[in-house]
Structures are given as C-alpha cells and as structure tokens.
Amino acid sequence: MENEVQIKLFFLIGTLGMVFLALGIILMSVIYKARVDRLNRKKSESLLNASLNSEKRERQRIASDLHDGLSGDLSAVKNFIALLNNKEEDYSKKEILQEVSTVLTHALSNVQNISYNLMPPLLESYGLVPTLKSYFDRIKKSNNITIKQHYFSDVIEIPSSEAYEIYRIVQELTTNMIKHGNSQQISISITLDQNTLLFEITDDGAAFDFNEKLQSSLGMGLKNISSRIKHIDAKLLQQSVSIGNKFQIILNSDNYVKSSNNR
Amino acid sequence: METFYFYTILYLGIIPLIILLFKKKALDFKEPIVPFIWVTAIASVYEILSPEIFDVISALSYWFQIYPFLEIVGLFFYFSGIFKKKHKATINLLLFTVLVIYCFSFTLWENNETSLQSHSVNKSSITICVIIGCFSWFRNLVKNTDIENLWNLPDFYFMSSILIYYSSTVLLFSLGSFIYTGVELYEYWWINILATLILRILLTIGTWKMKFK
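If you read the sequences in order, they're chains C and F.
Using the numbering used here, the first residue of the first sequence is number 1, and each one after it goes up by one.
Using the numbering used here, the first residue of the second sequence is number 1, and each one after it goes up by one.
Calculated directly from the structure, the hints in this document are not laboratory data.
For glycine and all other residues, C-beta sits at the position ideal for the given N, C-alpha and C.
Keep in mind that the hints are not guaranteed to be accurate.
Said to hold, decoys possible - DSS-like, lysine-lysine: derived pairs with alpha carbons at most 27 Å apart:
| no. | chain 1 | residue 1 | chain 2 | residue 2 |
| --- | --- | --- | --- | --- |
| 1 | F | K86 | F | K211 |
| 2 | C | K148 | C | K179 |
| 3 | C | K42 | F | K143 |
| 4 | F | K143 | C | K43 |
| 5 | C | K213 | F | K30 |
| 6 | F | K30 | F | K86 |
| 7 | F | K209 | F | K143 |
Unchecked claim - Cβ pair distances, simulated, as ranges:
| no. | chain 1 | residue 1 | chain 2 | residue 2 | range |
| --- | --- | --- | --- | --- | --- |
| 8 | C | N252 | F | F4 | 50 to 56 Å |
| 9 | F | G81 | C | S160 | 43 to 49 Å |
| 10 | C | V5 | F | A89 | 42 to 48 Å |
| 11 | F | K143 | C | D65 | 42 to 48 Å |
| 12 | C | L237 | F | F6 | 49 to 55 Å |
| 13 | C | L48 | F | F6 | 51 to 57 Å |
| 14 | C | L237 | F | W189 | 52 to 58 Å |
| 15 | C | D37 | F | F6 | 37 to 43 Å |
| 16 | C | S64 | F | G81 | 56 to 62 Å |
| 17 | F | W189 | C | N211 | 24 to 30 Å |
| 18 | C | A34 | F | G81 | 51 to 57 Å |
| 19 | F | F4 | C | N195 | 35 to 41 Å |
| 20 | F | W189 | C | I13 | 15 to 21 Å |
Next up, chain C with everything else stripped away, as it sits in the complex:
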C-alpha cells in the first residue's frame, strides 16, 4: 500500500517535472531568441545610422571639394580665357576663345549643381524651409512644372541631421514624381499638429504603390527613403487619392519644434 502511494507520488511529481522541463526548454528558446533578435535589430540600426552618417559626411566632403577646388579652378581658367580674349586681335581665335568660355560657363554651372545636390549649402546655415524653397526654385527652372508650397513657419528648428534626411526624402520623392510619374503639379506642405510635424507631398502624375515598389524595386531610391525614415524614427504613409500620389511623413517633434515656436 505504502509502495503504491510512493509510485503515485513519484508519477505525479515526475510528470509535473517533465512538463516544466518541456515548457522551460520552449520558453527559454523563445526568450533567448527574442533577446538575440533585439540585439541584432539594434546592431543593424546602428550600422544603418553609421552608413547614413558616413554618406552625409562624404557628400559634404565631395561637395566642398567640388565647390572650393574644381569650381575655383574652372573660374580661374575662365578668367584667363577672358584675359586672352581681350588681348587677342585675330577674329577667328577670338571666336574659339568665346566658345571655350561658354563651355567653361556650362561646366561651372554643372559643377555648382552637382555640388548643390550633394549637400545644399543653405541647409546647415538657414535650415530646412529655405533649402526646400531654393530646391523647388531650381526644379521649376529646369522643368515645366507648377510647385505649390505651404510652410507653417519659415524657421523649423529640427536638428540638422533630421532636416538633412527630410530634405533627401523630399528630393527623392519629387525626383521620382517628375522622372517616372510625369507630374505637372507638385504640392508640399509642412504643418505642426501639437507635437507632430506633418510633411505632405502630393502630385498629379502616374500613381504608384510605395510598399509594392519597395519590395520589387531594384533601384536604391525607395530603399534609401525607407532607411532614412527609419533613421529619423519617422513614419511614411501613402494616402489613397483619385489622381496621382499623396505621401505623408510624420515626425514626432516633442522638444525642438515647441522651442522654436515660442521664440
């Protein structure tokens, strides 16, 4: 009888032990895996930050090299050509020098454009809104397109790193709208709703599904937008519209925008 009780006790405790062992193995694997995944995510986020920061630094360096080096040299050559042109009396040679001067002017303008696109000089000194205005002015000059802009303030004091990423996202989206969507009209607005900065970009060109294209696209443009959105901890939403596309970038701006508004 006592033996029987012992067997039953052993059976019950043993079964409970085995169940806990099984559940323990499963639970430990789940917890450990979640922890490793979290670490991996953090690691990839910091890699992304590092690569975006180094990209920004490189752009800055190349832009300043082009502006201060190549652009300066081309200006100097252009001045020499102008001097030669003034001294030259042979009409045919003067004509050639004039041609060289025109080509140099084009080259200089191209270098300045490349330098501007790599790193707009206004961004660091004047902030996001003047940079966007200047960018859209340039776009209007080179494309037959209407651009409507609305900004809740000319001074939006967000950190320059975030302003830079927003600028790049807007640049990529509008370039796509013009290049692939043949848009005739683009609107951009920046509004502040409580603690949230809302950037809205709409166009009347060919519609496309951002997420679908992101999955299938071989190009880097949309992937870069997605990485930059992640980098600044913002959200990109695509609203459905009857014509064209409408994108919203939502940036939480708890501290910095408030302080700029209070000034």
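Take the given structure of chain C and dock chain F to it, following the hints.
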C-alpha cells in the same frame, strides 16, 4: 460533457490532415511532418471507430502494439527531414535501437493485460529519442540567426507539441503497468487527454502556417 470533450479531442486529430488536403499537400512527403500528421489522423479515426467494432480492451491491446510502430515511422521521418544530413548517424542509431526495443516488446505482449507493459517499453524508448531530437532542434534554433519570427515557424509548433506531449505522458505510460489497478489508471488518463489536446492544437496551428513552394 466529458464525452463531448473526448470526441472533440479525437476529431481534432483529423484537422491537420484536412488542412493539408485543402492545401492539396496531403501526399507531399517532401515536408517531413506529413507522415506524422497522417499517423495522428489514423490514430483519431481508429480511436473513434474501434470501440464500435471491437471490445474496448482488445481494441486498446492491439492499438498499444501497432501505434508505437506508426509513431516511430512518423517521428523518425520528421526528425530525419528536419536535421537532413546533420546527426544522420545518431538518428540511424536511435532508430535501430528503438526498432530493436519494439521487436523486444512483442515478447512482453502475451495477452490484453500485458499489452500495457509492452506499450510502456515502447513509449519510454520513443520519448527518450523525442527529447534528444527536440533538445537538439531547440539548441540549433537559438544558434540560428536567420529566423526572425518564431511564431511564423511551423516547426516551432511541431517541435513544441511533440516535446510537450511526450514529456508529459512518459511517466503515465512507463509507470502505467505499475499503477494499473482496475480503474485507477483511468484516474490519471486526463494527463494523456490534456497532452493530446495540446499536441493536436499545436499541430493544427503549425500545419495552418506551413507554406509550400
């Protein structure tokens, strides 16, 4: 009410196979879990129909000797498929040992009363293999950095279900012949019912989440 629960659990065993039939993959033996799902469905059908055909004791007696063989086939097919070439020698050695023990169990199976003893022997050897296999799989799982979400991994459900079922019932079956005194074993049978319920629910979720190429 008890009968309702009992039959619900029995019918649950067929659902993974029904899902496979809907996905038109019931005979896709490239998926290592498919034979085990067939074994579970066959067990359910047998458990539903056998009391109508045979007397309960005879039905149990034969089943206790046939079912372990089906389990061995289903489980070793699954583990071989999961580990592929890895641990091949260990799996073959374990399979050989389990089959030898299975053959030996026939010497214990003389009549309906002794069928519980042979079943104990078979279940114990199968459970040891299952625990070794599941432990290796979970160890590989935590090392694998490619898997992002465990909850979308069908094998996670299959392994968890198998591990929970065999761990919780090993003592019930191995000590069954000791604690069997008339109706007393059936006082503990709820452990098997509960474990079977968990096994079948997790098998169903895993089968539902299976994606075929």
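Hint numbers not upheld by this structure, sorted from lowest to highest = Of the numbered hints, 5, 9, 17, 18 and 19 do not hold.
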